[in-house]
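Asker: One letter stands for each residue in the lines below.
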Amino acid sequence: MQPDAKLTFLDRFSALRETQFGTFVPVLLALAAIWGYFGLVLPFIDLISGQADSFRAIFLSPRNIYNLFMQSAVIATLAVGITIVLLLGDIDLSAAATAGVCAALLGVLVLSGVPGWPACIIVIFVGIIMGAAQGLLVAYVGIPSFVVTLAGLLGYQGLMQKILPTGNLNVGDPFVRGIARVLIPDLWGIVLGLAVVGLFAYANLRKQARRKALGLELDSALALWGQVIAFTVIVVAVVLTLNAYRSLPLLLVLLVAITALLGWITTSTPYGRSLFAVGGNAESARRVGMKVKRIRVSAFAIVGLMAAIGGIFGASRYGSVSYTAFAGGSLLLEAIGAAVIGGTSLFGGRGSVWNAILGALVIGSLGNGLDLTGASAADKLMVSGAILLLAVAIDALSRPSNGSGR
Amino acid sequence: MTSENKVVGQAAPPAHLAVRGIHKRFGGVHALRGVDFEVARGEVMALVGDNGAGKSTLMKVLAGAHLADDGAFFLDGKPAEVTSPNDASELGIQIVYQDLALCENLDVSANLSLGSEPVKPGWSFLPRLLRPLDDLEMEVKAKKAIDRLEVRTLQSVRAKVGGLSGGQRQAIAIARAVGAESTVVMLDEPTAALGVAQTRQVLEVVKRLRETNHAVVYISHNMRDIFEVSDRITVLRHGTNVATYTTSETNPDEIVVAMTRGLDTENGNAA
Ligand SMILES: Nc1ncnc2c1ncn2[C@@H]1O[C@H](COP(=O)(O)OP(=O)(O)OP(=O)(O)O)[C@@H](O)[C@H]1O
Ligand SMILES: [Mg+2]
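Protein chains in written order, with the working numbering: chain E, 1 to 406; chain U, 1001 to 1271.
Among the clues, some could well be false.
Covered stretches of chain E (in silico footprint by chain U; criterion: 3 or more residues with CB under 8 Å from a CB of chain U, positions within the stretch not fixed) [what the hints assert, rightly or not]:
1. 273-281
2. 329-338
Here are the computed lysine-lysine pairs in the DSS-like style, where the Cα-Cα straight-line distance is at most 27 Å [as the list claims (entries may be wrong)]:
3. U:K1120 - E:K291
4. U:K1141 - E:K291
5. U:K1144 - U:K1207
6. U:K1141 - E:K212
7. U:K1141 - E:K207
8. E:K212 - U:K1120
9. U:K1120 - E:K207
10. U:K1143 - E:K207
11. E:K207 - U:K1144
Beta-carbon label-pair distances, calculated as ranges [unchecked claim]:
12. U:H1221 - E:V141: 48 to 58 Å
13. E:P118 - U:P1079: 55 to 65 Å
14. E:G158 - U:A1192: 13 to 23 Å
15. E:A396 - U:G1042: 12 to 22 Å
16. U:V1257 - E:R210: 52 to 62 Å
17. U:P1121 - E:W225: 45 to 55 Å
18. E:A393 - U:D1099: 56 to 66 Å
19. U:P1127 - E:L47: 42 to 52 Å
20. U:P1127 - E:V147: 57 to 67 Å
21. E:A260 - U:G1122: 17 to 27 Å
22. U:G1122 - E:I45: 53 to 63 Å
23. U:P1118 - E:L192: 31 to 41 Å
24. U:D1099 - E:Q208: 35 to 45 Å
25. U:D1099 - E:K380: 43 to 53 Å
These are calculated hints, taken from the structure and not from any lab test. Just so it is clear, CB atoms sit at the ideal spot from N, CA and C, and this is done for glycine as well.
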């Protein structure tokens, strides 16, 4: 199909965003802009103004990239969970507080002698129950999710303080610490990366072959290969960069694996389809016999699950649990911001968990870059706010109902 | 007040779906007061009446979306039980709502299999909700359904519904109803929001349903459309039957009078 010459820029933009890979474009551009600014433009300015030694290309060094990924991991974990309820058109304000309660519980459990892995499993169950309880209130009592989870935010913050009266607890358990400390050996990291790339290419090519066999319209070769090549480049670059500093950390592998599982469930199963259907038109979903209430509860349970995992990741990475790192800090807003910056719609029915990971990288990169340039906390907040606003504006402008009534 | 079914003119075809003495109350509102209604296969039965006459309510009762307070269902003469949308769809009764209830964020093929998505074989260890979708099978099914209705303006079954025209959406909503192995398809004001060309498109689709031996119920306020597609016309007023006419033996004026004033009992009969 030839693009109509009369299409406005906005039309093209919304059309682009409708394609499968196109949803990644805005957030990838944002990421490229931020990395370009902190990694190339700033060092260049420093170079010509003669202050080169104070701030060289630190930002794009393998060491900083490694830290950046690890810093963004907890935000990303929560953002992936929050994406699931955003798909329904709901919101969860209690995710960070849930993560805090779970992390605190984990700390107390291992301190009292429970071994690491059973403690993690208990904590995950607690997280699921905390999420599902809110889901029950939203779905069966009919309270808006904003209110339920606002109450959850307050209540769980209090609960965390009850569990941690001192507000701080060190976690030394080797199993828990191991999640963030264990590194995949360089070679295995490369093998893993190539295996994932191979699987991705195989799945795409096989699908194209089946399309041909069934006489369905084909994806354009450009889109197909572009997708495979872009994916390959990203995976290989990430693995090599991380190997150049240390190695692929187990925590990132776990995060990607969990996200891949949730990504598959949301896009390729009847359950995932029902999430999108409820988010797009709940009445329609109900009429075709979907159990809308149960779907709501399950989505909140998934947020609880991801919050618990985020709590475990956080405790593992910091080696401690503190009130400010979870419930009382900026984690919640960063996680919601990450999901939205990634391109998941606040209006429901559109988004993806992979976008949440990229959004978390945007938020993490901003914080990291501004830290490196010595910007104040105030600057960081204001820049993050501006980026978030921009992301929501893009979301609102590219809504299908907005201006494309052909 | 009598609720007996007056058939004017020649004998009616044998009913496929019939209801007798349907009552429906919403709190204080007595929306349906003993309505009789029937439709045969291979016929388009128009259902007309003024705003608030109870057309949509009757249709929702037939589709199991509302539970009748009283009344009986018959399918091919045998008593049937319709207490939920699932009951209705198992009997082959499908409804296209006034608000189409499509998911604009999903593509055409996803909308057409919504709620009954095909899954790939061989994953039976997983619960059905978590088995992999067979989205190519979904597209094949969608293409067949669209082709059967001959919706020529639709380019791709992978287009998002949010970007389609009103007529295309209507056609997709109808295709969804037809695709579900249905024998009765009910349409609530399918052309209310459409322009001339798109109305035409929908009327063609309705005629095609008659050719495929569906029993079609067609609600509309537009007399021209009704006289173009329908075989018989049932008139409702204030939640009761006025009469059922054979389209070829009546005219729009008579229908409008029946809709607005009912049959004058003093004057006897409408014929
Ligand atoms: N869910 C409901 N709750 C309460 N009253 C209702 C409900 N649905 C319909 N009614 C009432 O039942 C009566 C019949 O309504 P219905 O929607 O069936 O009319 P209609 O013939 O479809 O009208 P229109 O041509 O305007 O669509 C009206 O008085 C309406 O107010
Ligand atoms: Mg109506």
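Asker: So is the region 273-281 of chain E in contact with chain U by the C-beta rule, three or more residues under 8 Å, or is the coverage claim wrong?
Answerer: holds (count 7)
Asker: Cβ-Cβ distance between H1221 of chain U and V141 of chain E: within 48 to 58 Å?
Answerer: This hint is violated: roughly 40 Å between Cβ atoms.
Asker: With 45 to 55 Å as the target window, see if P1121 of chain U and W225 of chain E comply at their CB atoms.
Answerer: Because 30 Å falls outside the window, the suggested range is violated.
Asker: Between K207 of chain E and K1144 of chain U, does the CA-CA distance stay at or below 27 Å?
Answerer: holds, 20 Å
Asker: Do the Cβ positions of G1122 of chain U and I45 of chain E conform to the proposed distance bound of 53 to 63 Å?
Answerer: holds, 59 Å
Asker: Is it true that G158 of chain E and A1192 of chain U lie within 13 to 23 Å of each other by Cβ?
Answerer: Given range 13 to 23 Å: violated, Cβ gap about 53 Å.
Asker: Next pair to validate is K1141 of chain U with K291 of chain E; report whether the Cα-Cα distance is within 27 Å.
Answerer: The given pair, whose Cα atoms are some 24 Å apart, holds under the 27 Å limit.
Asker: Straight-line Cα separation of K212 of chain E and K1120 of chain U no greater than 27 Å?
Answerer: Satisfied, since the Cα-Cα distance of roughly 18 Å is no more than 27 Å.
Asker: Given a hinted range of 57 to 67 Å, is it respected by the beta-carbon distance of P1127 of chain U and V147 of chain E?
Answerer: The hint (57 to 67 Å, Cβ to Cβ) is violated, given that P1127 of chain U and V147 of chain E are roughly 32 Å apart.
Asker: Could you tell me whether the CB distance from P1118 of chain U to L192 of chain E stays inside 31 to 41 Å?
Answerer: holds, 33 Å
Asker: Between P1127 of chain U and L47 of chain E, does the C-beta distance stay in 42 to 52 Å?
Answerer: violated, 59 Å
Asker: Taking 27 Å as the top limit, are the C-alpha atoms of K1144 of chain U and K1207 of chain U close enough?
Answerer: holds, 18 Å
When each numbered hint is compared with the structure, violations occur for hints 2, 12, 14, 15, 17, 18, 19 and 20.
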